[in-house]
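Kindly generate the complete structure, drawing on both the sequences and the hints.
Protein chains: 2
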Amino acid sequence: MSDWQGIIPAFKEFLPVTEGTPMLTLKEGNTPLLRAPRLSEQLGVELYFKFEGMNPTGSFKDRGMVMAVAKAVEEGAQAIMCASTGNTSAAAAAYAARCGIKCIVLIPEGKIALGKLAQALIYGAKVISIEGNFDEALKIVRNICAEHPVTLVNSVNPYRIEGQKTAAFEVCQQLGDAPDYLAIPVGNAGNITAYWKGFVEWQKAGKVDKRPKMIGFEAEGAAAIVYDRVIEKPETVATAIRIGNPASWEGAVNAAKESGGLIDYVTDEEILAAYRLLASQEGIFCEPASAASLAGVIKKKKEGLLPEQARIVCVLTGHGLKDPDNAIATVAGGPIMVPATEEAVLREVF
Amino acid sequence: MSDWQGIIPAFKEFLPVTEGTPMLTLKEGNTPLLRAPRLSEQLGVELYFKFEGMNPTGSFKDRGMVMAVAKAVEEGAQAIMCASTGNTSAAAAAYAARCGIKCIVLIPEGKIALGKLAQALIYGAKVISIEGNFDEALKIVRNICAEHPVTLVNSVNPYRIEGQKTAAFEVCQQLGDAPDYLAIPVGNAGNITAYWKGFVEWQKAGKVDKRPKMIGFEAEGAAAIVYDRVIEKPETVATAIRIGNPASWEGAVNAAKESGGLIDYVTDEEILAAYRLLASQEGIFCEPASAASLAGVIKKKKEGLLPEQARIVCVLTGHGLKDPDNAIATVAGGPIMVPATEEAVLREVF
Numbered sequence: 001m002s003d004w005q006g007i008i009p010a011f012k013e014f015l016p017v018t019e020g021t022p023m024l025t026l027k028e029g030n031t032p033l034l035r036a037p038r039l040s041e042q043l044g045v046e047l048y049f050k051f052e053g054m055n056p057t058g059s060f061k062d063r064g065m066v067m068a069v070a071k072a073v074e075e076g077a078q079a080i081m082c083a084s085t086g087n088t089s090a091a092a093a094a095y096a097a098r099c100g101i102k103c104i105v106l107i108p109e110g111k112i113a114l115g116k117l118a119q120a121l122i123y124g125a126k127v128i129s130i131e132g133n134f135d136e137a138l139k140i141v142r143n144i145c146a147e148h149p150v151t152l153v154n155s156v157n158p159y160r161i162e163g164q165k166t167a168a169f170e171v172c173q174q175l176g177d178a179p180d181y182l183a184i185p186v187g188n189a190g191n192i193t194a195y196w197k198g199f200v201e202w203q204k205a206g207k208v209d210k211r212p213k214m215i216g217f218e219a220e221g222a223a224a225i226v227y228d229r230v231i232e233k234p235e236t237v238a239t240a241i242r243i244g245n246p247a248s249w250e251g252a253v254n255a256a257k258e259s260g261g262l263i264d265y266v267t268d269e270e271i272l273a274a275y276r277l278l279a280s281q282e283g284i285f286c287e288p289a290s291a292a293s294l295a296g297v298i299k300k301k302k303e304g305l306l307p308e309q310a311r312i313v314c315v316l317t318g319h320g321l322k323d324p325d326n327a328i329a330t331v332a333g334g335p336i337m338v339p340a341t342e343e344a345v346l347r348e349v350f
Numbered sequence: 001m002s003d004w005q006g007i008i009p010a011f012k013e014f015l016p017v018t019e020g021t022p023m024l025t026l027k028e029g030n031t032p033l034l035r036a037p038r039l040s041e042q043l044g045v046e047l048y049f050k051f052e053g054m055n056p057t058g059s060f061k062d063r064g065m066v067m068a069v070a071k072a073v074e075e076g077a078q079a080i081m082c083a084s085t086g087n088t089s090a091a092a093a094a095y096a097a098r099c100g101i102k103c104i105v106l107i108p109e110g111k112i113a114l115g116k117l118a119q120a121l122i123y124g125a126k127v128i129s130i131e132g133n134f135d136e137a138l139k140i141v142r143n144i145c146a147e148h149p150v151t152l153v154n155s156v157n158p159y160r161i162e163g164q165k166t167a168a169f170e171v172c173q174q175l176g177d178a179p180d181y182l183a184i185p186v187g188n189a190g191n192i193t194a195y196w197k198g199f200v201e202w203q204k205a206g207k208v209d210k211r212p213k214m215i216g217f218e219a220e221g222a223a224a225i226v227y228d229r230v231i232e233k234p235e236t237v238a239t240a241i242r243i244g245n246p247a248s249w250e251g252a253v254n255a256a257k258e259s260g261g262l263i264d265y266v267t268d269e270e271i272l273a274a275y276r277l278l279a280s281q282e283g284i285f286c287e288p289a290s291a292a293s294l295a296g297v298i299k300k301k302k303e304g305l306l307p308e309q310a311r312i313v314c315v316l317t318g319h320g321l322k323d324p325d326n327a328i329a330t331v332a333g334g335p336i337m338v339p340a341t342e343e344a345v346l347r348e349v350f
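Residue numbers (full-length UniProt numbering), protein chains in the order written: chain X, 1 to 350; chain V, 1 to 350.
Honestly, the hints are just simulated from the structure, not real lab data. Warning: the hint list may mix true and false statements.
Pairs involving identical chains hold if they fit within one copy or between any two copies, as the list cannot separate such chains.
Unchecked claim - DMTMM-like, lysine to aspartate or glutamate: derived pairs with alpha carbons at most 20 Å apart:
| id | residue 1 | residue 2 |
| --- | --- | --- |
| 1 | LYS210 | GLU74 |
| 2 | LYS27 | ASP3 |
| 3 | LYS299 | GLU270 |
| 4 | LYS299 | GLU75 |
Right, here's the structure in full:
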């Protein structure tokens with residue numbers, strides 16, 4: 001085994017690392033690339049999953065956050081701040097705790113699932129709920145960070161994409177080459193932008209000969225890029241990609257265009273079907289939003305747009321344990337009740 | 001980076017692997033050993049955490065289960081079965097899904113948190129609740145497995161400990177030697193037994209010169225080994241070690257004795273304090289039960305039983321995302337509510 005020390009030392013030539021950058025890490029990155037033997041056969045492609053839920057806080061956000069927080073510390077920040085109700089706040093709070101700086105998380109009022117905030121709270125972030133919506137929260141964060149020694153770590157922080165692009169490097173290393181297609185969920189669109197940047201840089205450095213076609217999938221109820229208009233009230237079961245006005249819109253469009261790929265949408269039904277398939281056929285439990293990549297591959301294969309035996313990597317952005325209630329809701333019925341006898345149990349088993 | 005292929009290929013000379021054993025994997029093992037700079041300084045020891053929550057289903061159980069399921073498949077089993085309400089059922093269900101065999105989970109009636117079953121259900125296990133207690137569930141499982149082509153994967157399955165011992169190998173590899181002390185939560189006591197077996201074998205193979213002192217910690221309300229009597233109704237916030245009659249009782253006593261270590265208990269208060277410290281000081285979010293190892297180290301250091309600068313590895317058995325409700329309950333208060341103005345937010349921040 002290798003004693004992996006995180007993405008900053010592993011990929012420092014490709015990252016904005018100076019002599020003053022702390023080698024901050026919770027051992028993010030080096031996530032598994034899992035071959036999917038059963039789904040590959042069913043779909044007639046060579047399918048892999050890059051399981052980013054195996055990062056320390058349970059999502060791909062750790063890659064970008066470790067870079068953003070390391071640079072904040074290098075630049076002397078005593079605190080970081082973000083507006084977020086989900087995975088971003090968990091990652092920000094964890095890395096701030098790790099290096100002993102303050103983390104402030106602003107959330108909009110209303111129906112916030114406390115479970116989604118469990119991580120930010122336990123990592124010791126100060127979580128402030130404002131009587132306003134997400135846009136107002138972000139605006140306040142931007143203003144405070146502009147005027148005080150507090151670093152903004154929302155996706156507008158450019159170091160986030162730098163850290164996130166390292167996942168593309170790993171895919172190439174693990175596969176020995178770039179795949180034919182990289183399928184990825186699209187919400188705020190920072191991740192597809194980051195992967196594409198990573199693949200381009202890795203090829204330019206002569207590490208691989210080719211780059212994949214980037215195929216990104218939004219949820220139907222939040223398909224701003226597909227419909228080419230801002231969605232005022234995005235709705236989807238895949239909360240992590242429930243975004244109606246992606247911050248990296250242009251990056252996503254560009255990645256699809258330059259690579260010869262596409263951006264399409266998948267329905268909630270297709271997302272949940274893929275989510276169940278991943279767990280029950282391959283033993284991989286991811287967030288619903290993550291399953292948009294597999295749902296998209298299934299859709300495009302049916303449409304005849306993916307060649308037989310194409311080598312496809314699907315990105316799974318977060319761990320299913322981030323949202324156990326969804327799993328319960330999805331698996332109708334729950335446990336079967338029987339008397340405490342061998343016979344009664346056997347009737348259910350065989 | 002290395003493309004890690006799981007514990008079976010990595011440690012096959014030390015495992016019951018034959019030519020017929022499938023190389024089953026969800027990329028379990030190779031979990032981070034995290035240095036704890038801040039807690040090391042506060043405690044005056046050299047402290048590391050072996051974060052087993054970074055296994056695919058979120059707990060150390062994956063190591064033993066991959067071995068048990070691989071052997072079940074090798075021996076022709078069409079199904080596996082266990083009595084469990086927690087981490088064991090999640091691991092069993094995931095590996096069964098991965099290799100396409102059936103998984104049946106028996107649970108006792110009563111106050112089972114559905115969240116704990118989310119994983120078993122989504123991985124496609126058949127979950128059966130019997131009108132009886134845990135012992136009755138286990139008895140039915142044993143009977144069915146004795147009479148039908150179904151493999152029992154509860155902790156009495158000897159392959160479980162074989163797989164679990166690989167964590168000790170990794171600790172030695174990552175540290176370059178065995179630590180002075182290995183601190184570990186003790187519930188059913190299979191894990192301390194497995195680690196000790198691993199350290200002994202690794203030394204016998206000439207890979208390291210020494211073995212650590214094993215220091216195991218039960219929860220006060222479930223401290224069967226410490227009190228040397230079965231606890232009829234074990235009670236502790238650390239549900240993963242809420243066990244009143246450990247299956248590997250003798251193994252735990254033996255590990256402590258042979259290594260010159262000890263088994264002690266820690267209170268729920270000490271466990272929760274350590275749980276919060278881990279998250280807020282080091283950015284590591286684990287299950288409450290996991291924090292028993294750190295709680296024990298803090299207790300023993302206070303008692304003067306651990307030398308200054310001793311090199312100590314604390315095992316963290318599961319990810320905090322397994323039990324987000326506990327995190328919420330632990331962090332009193334939740335978010336602060338303020339008006340949507342910069343001034344109101346600033347008053348909370350500075």
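Can you list which hints this structure breaks, lowest number first? Hints 1, 4 contradicted; others consistent.
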